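For the record, the sequence lines run as chains A and B. 132 is the number that our numbering gives to position 132 of the first sequence; each next residue is one higher, with no gaps. 65 is the number that our numbering gives to position 65 of the second sequence; each next residue is one higher, with no gaps.
Worth flagging that the hints you see were computed from the coordinates, not collected in a lab. None of these values were measured; they are calculated from a predicted model.
Which residues of chain B face chain A? A partial, calculated answer using Cβ under 10 angstroms:
| no. | residue |
| --- | --- |
| 1 | ALA10 |
| 2 | TRP15 |
| 3 | THR68 |
| 4 | LEU74 |
| 5 | ALA90 |
| 6 | THR101 |
| 7 | LEU116 |
Far from chain A, by Cβ distances over 12 angstroms, these chain B residues were calculated:
| no. | residue |
| --- | --- |
| 8 | LYS24 |
| 9 | ARG28 |
| 10 | ALA29 |
| 11 | PHE31 |
| 12 | LYS32 |
| 13 | ALA33 |
| 14 | THR35 |
| 15 | ALA55 |
| 16 | GLU63 |
| 17 | ASP110 |
| 18 | PRO126 |
| 19 | ASP133 |
| 20 | ALA135 |
| 21 | LYS139 |
| 22 | ARG148 |
| 23 | GLY149 |
We put the CB at the ideal spot given by N, CA and C, even for glycine.
2 protein chains.
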Amino acid sequence: MTSGPIHRKAKDYRWEGVAVLPYKEDGRALFKAITRQVLFSDPAQQSELRYFEVAPGGYSTLERHEHTHNVLILRGGGHCLVGREVRALATNDLVAVPPLTWHQFRATGDEPLGFLCMVNTARDKPQLPTAEDVAELKKDPGIAAFLRG
Amino acid sequence: MTSGPIHRKAKDYRWEGVAVLPYKEDGRALFKAITRQVLFSDPAQQSELRYFEVAPGGYSTLERHEHTHNVLILRGGGHCLVGREVRALATNDLVAVPPLTWHQFRATGDEPLGFLCMVNTARDKPQLPTAEDVAELKKDPGIAAFLRG
Numbered sequence: 001m002t003s004g005p006i007h008r009k010a011k012d013y014r015w016e017g018v019a020v021l022p023y024k025e026d027g028r029a030l031f032k033a034i035t036r037q038v039l040f041s042d043p044a045q046q047s048e049l050r051y052f053e054v055a056p057g058g059y060s061t062l063e064r065h066e067h068t069h070n071v072l073i074l075r076g077g078g079h080c081l082v083g084r085e086v087r088a089l090a091t092n093d094l095v096a097v098p099p100l101t102w103h104q105f106r107a108t109g110d111e112p113l114g115f116l117c118m119v120n121t122a123r124d125k126p127q128l129p130t131a132e133d134v135a136e137l138k139k140d141p142g143i144a145a146f147l148r149g
Numbered sequence: 001m002t003s004g005p006i007h008r009k010a011k012d013y014r015w016e017g018v019a020v021l022p023y024k025e026d027g028r029a030l031f032k033a034i035t036r037q038v039l040f041s042d043p044a045q046q047s048e049l050r051y052f053e054v055a056p057g058g059y060s061t062l063e064r065h066e067h068t069h070n071v072l073i074l075r076g077g078g079h080c081l082v083g084r085e086v087r088a089l090a091t092n093d094l095v096a097v098p099p100l101t102w103h104q105f106r107a108t109g110d111e112p113l114g115f116l117c118m119v120n121t122a123r124d125k126p127q128l129p130t131a132e133d134v135a136e137l138k139k140d141p142g143i144a145a146f147l148r149g
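Make a model of the complete structure from these sequences and hints.
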């Protein structure tokens, strides 16, 4: 019936029996100081719940894809870019990343930025921006400042 | 592309534009002092993310169903019954409720128990226990104490 224990205790944003993994395996992607934990990957559901933690000064990959992200900030705060919008994020804030929308999360404060991310288990591979895509984004001074960190 | 805003700010476990709803509409079900907020119901995903908050002394319905629950404690602590196991819960703990397994969450401390619950959007209706089911559960002294609150 069950594919795992019913209860996993948390301690300091780590969970019993949950591996702390590299953020991603794709060596082409630019990212910094970020870990990944898969909290739920339930074969009875078509979505997974992951926890990502970004150390101060770190960031996720700037990317886009067909699948959506549904994010809740679990720890600390920071900033995100979604599409052409830069937002300041605080604990418990929600962020929805629509399909094929550039996005990045940055830990811009003094403490780690930790967030839950709900995602389809079966999903397309992320697309990375070309130099032209980045140049286009940086025409917006707010986005340029965000990308500088 | 997007069915809602990209960013919803949180304040005191309430979110911009997210309604605070009754826990459930089923008048037959026994529950106490609990609210429901649907944080993500994304048509591009087959699972939803809800936030339930139980006031001190309150509890969710004792029930079971074919669909699974994947829970993260977002606020406070309490106790849960899953199957025949009673567990003390602290903030950020994970709980997985397998199919057709009796379960209940109780806010046994002095502060609210708030939890995220990931669930299939298309799901079967909960089954309520018969008097015989409850009597069977109460043969276990630990479960009996849990159900007394």
